[in-house]
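Turn these sequences into a full structure, and let the hints steer you where they fit.
The residues making up each chain are set out below.
2 protein chains.
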Amino acid sequence: MINFINLERIKRFIAKRRVAFIASIDNEEFPNVKCMLRPRKIEGLKTIYFSTNTSSMRVKQYRENPKACLYFYRKGLIKYQGVMLKGIMEVLENDEIKKELWRFGDKMFYPKGVTDPDYCVLKFTTTSESNKRITSTLI
Amino acid sequence: MINFINLERIKRFIAKRRVAFIASIDNEEFPNVKCMLRPRKIEGLKTIYFSTNTSSMRVKQYRENPKACLYFYRKGLIKYQGVMLKGIMEVLENDEIKKELWRFGDKMFYPKGVTDPDYCVLKFTTTSESNKRITSTLI
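Chains A and B are the protein sequences, given in the same order. The numbering used here puts the first sequence at residues 1 to 139. The numbering used here puts the second sequence at residues 1 to 139.
Derived by calculation from the structure, the hints in this document are not laboratory data. Cβ atoms here follow ideal geometry from the backbone N, Cα and C, with glycine treated the same way. Be aware that a few hints might be false.
[Unchecked claim] Straight-line C-alpha distance at most 30 Å; calculated DSS-like pairs for lysine-lysine:
| # | chain 1 | residue 1 | chain 2 | residue 2 |
| --- | --- | --- | --- | --- |
| 1 | A | Lys99 | A | Lys123 |
| 2 | B | Lys11 | A | Lys75 |
| 3 | B | Lys107 | A | Lys16 |
[Stated by the list, open to error] If you anchor each label on the Cβ, the simulated ranges turn out as follows:
| # | chain 1 | residue 1 | chain 2 | residue 2 | range |
| --- | --- | --- | --- | --- | --- |
| 4 | B | Ser56 | A | Arg38 | 26 to 32 Å |
| 5 | B | Ile78 | A | Glu93 | 39 to 45 Å |
| 6 | A | Asn94 | B | Arg12 | 41 to 47 Å |
| 7 | A | Phe13 | B | Glu90 | 45 to 51 Å |
| 8 | A | Ala15 | B | Gly113 | 39 to 45 Å |
| 9 | A | Asp118 | B | Ser56 | 38 to 44 Å |
| 10 | A | Glu93 | B | Asn53 | 41 to 47 Å |
| 11 | B | Arg74 | A | Ala15 | 20 to 26 Å |
| 12 | B | Gly76 | A | Lys41 | 23 to 29 Å |
| 13 | B | Phe104 | A | Pro111 | 40 to 46 Å |
| 14 | A | Glu93 | B | Gln81 | 25 to 31 Å |
| 15 | A | Gly76 | B | Gln81 | 17 to 23 Å |
Here it is as structure tokens:
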């Protein structure tokens, strides 16, 4: 059973991070990691949305293998803390979600605007409760 | 062909980082990510050593599936930079390498000293040249 108080603490921890690390499986079945800008939308710890380039290598990998994990990290003065969430990543290209997540300034990344075919949304859905805890280690 | 100047730049980038992110594949074939203390030894970009707990989940995963990647990351004021290396992770438990990588203060993590059975070494060997570049994204 997941402790409710800890879940709230983890939600706050994730919401405060400026970047996220996303992991995928490549076509040689090796894990891959990439740093991403912070999520655009967080629904509890269940669903987390990112915006990204449709042409990116991670999008290609998630279309072929949706198994994913997210990692959020904070370096403090004497220790670091991390949270890992395991789940499935979907690539969304419908206008509704693209409009919802569009932010002022995104034209820098997607010059054609909200309907730019190179703009898409990554939707992560947590499938495992096993790693929903903040781990910390002394630096 | 890898550009020699870029390789030197990447080596310096990695050597300066205080933490590393290591990725593994778990028993459900999902990618996993964890933050680790900086490598204990770096031999070019070919071989990178970490110290860790033999009882840890990552050690168990690498014994079952050695496919791995490392990710090094730096957050600047207006952009972040990252380097990913793809390769194989071995779990070493021989006294020679354990002694070589032992540092003052490690008794905090491994109370029984350099021969503590819960102290082991992760040896990462790069297998792919494909991701040896520094990628950067505006924050």
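Hints and how they fare:
The hinted pair formed by A:Lys99 and A:Lys123 meets the criterion: a straight-line CA distance of about 14 Å does not exceed 30 Å. Proposed proximity of B:Lys11 and A:Lys75 is supported: the alpha carbons are some 22 Å apart, at most 30 Å. Annotation: proposed proximity of B:Lys107 to A:Lys16 is violated, straight-line Cα distance about 33 Å (limit 30 Å). In this structure the supplied range 26 to 32 Å holds for B:Ser56 paired with A:Arg38, their Cβ-Cβ distance being about 28 Å.
At about 29 Å, the beta-carbon gap between B:Ile78 and A:Glu93 misses the expected band of 39 to 45 Å. For A:Asn94 and B:Arg12, the Cβ-Cβ distance of about 44 Å falls inside the hinted range of 41 to 47 Å, so the restraint holds. Roughly 33 Å separates the CB atoms of A:Phe13 and B:Glu90, a value that falls outside the hinted 45 to 51 Å. Range check, A:Ala15 to B:Gly113: Cβ separation about 42 Å, and the 39 to 45 Å hint holds.
Our hint of 38 to 44 Å for A:Asp118 and B:Ser56 holds, since their Cβ atoms are close to 40 Å apart. One distance hint, 41 to 47 Å for the beta-carbon pair A:Glu93 and B:Asn53, holds here, with the actual separation near 43 Å. At about 23 Å, the beta-carbon gap between B:Arg74 and A:Ala15 stays in the expected band of 20 to 26 Å. With their beta carbons about 26 Å apart, B:Gly76 and A:Lys41 fall inside the hinted range of 23 to 29 Å.
One distance hint, 40 to 46 Å for the beta-carbon pair B:Phe104 and A:Pro111, is violated here, with the actual separation near 54 Å. Range check, A:Glu93 to B:Gln81: about 29 Å between beta-carbon atoms, so the 25 to 31 Å window is met. The supplied range of 17 to 23 Å is met by A:Gly76 and B:Gln81, whose beta-carbon atoms lie about 21 Å from each other.
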